[in-house]
Amino acid sequence: MILREKDFDAIVLGTSAGGIEAIKKILPSLPAKLRIPVLIVIHIAPDGSNLLSEIFSDDTQYSLKEAESGEELREKTIYFAPADYHLSVEKNRTLSLSNEEEVFYSRPSIDVLFESASIAFGKRTLALLCTGANQDGAQGAYKIFQRGGTVIVQDPQDADFPTMPESALALFKPNAVLPLKNIQALLRNL
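Residues 158 to 347 (our numbering) are what the sequence shown spells out, left to right.
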């Protein structure tokens with residue numbers, strides 16, 4: 158599989174339990190020349206402060222920030238969903254936040270981000286679904302796949318918590334099922 162930057166308008170990444178380590182491996186794989194924005198949902202405690210930008214600041218040359226409602230997507234920027242808010246991307250390439258009902262006991266929800274990305278970017282979406290202990294992300298990944306986007310699911314045997322990748326694989330056959338080291342290699346060549 159060969160991924161080309163010109164084929165994508167955004168990368169969306171979803172993970173939960175075990176996700177900090179997965180993201181720490183994925184972010185350094187983003188090429189310095191890559192320009193497209195990255196939106197990340199990782200399940201975090203609703204009452205905790207979001208220190209994700211600080212945690213990952215040494216892992217990438219991208220700008221990192223907590224997403225803000227109404228802001229326009231910028232190139233070479235990684236956006237993290239804030240604690241206790243769903244993150245969506247609109248058709249006009251702006252971000253929105255909501256505190257609607259939890260999805261699979263999660264807010265932020267991977268499904269919410271992925272489904273909105275499937276509408277905003279369609280086939281120009283690259284989705285990565287990694288380790289996690291619930292089913293969040295499977296439906297959203299499937300929506301991206303249905304609209305012609307590219308979906309890569311972490312191999313459940315490689316995941317610290319296989320439930321999330323297994324849930325996606327039970328629903329559909331994504332473009333690729335890979336261990337993290339192979340996901341890293343694909344991204345390095347993007």
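Hints should not be assumed to be uniformly reliable.
Stated by the list, open to error - The calculated label-pair distances, taken between Cβ atoms and stated as ranges, are:
id, residue 1, residue 2, range
1, Glu229, Glu257, 18 to 28 angstroms
2, Lys190, Glu229, 19 to 29 angstroms
3, Lys330, Lys190, 10 to 20 angstroms
4, Glu247, Gln303, 33 to 43 angstroms
5, Glu228, Ala327, 30 to 40 angstroms
6, Met158, Leu328, 17 to 27 angstroms
7, Lys163, Arg304, 10 to 20 angstroms
8, Met158, Arg304, 15 to 25 angstroms
9, Asp204, Gly305, 30 to 40 angstroms
10, Ser255, Ala189, 28 to 38 angstroms
Treat the hints as calculated values from the structure; they're not laboratory data. Built from N, CA and C at the ideal position, the CB exists for glycine as well.
Task: Hints the structure fails to honour - done: 3 and 4
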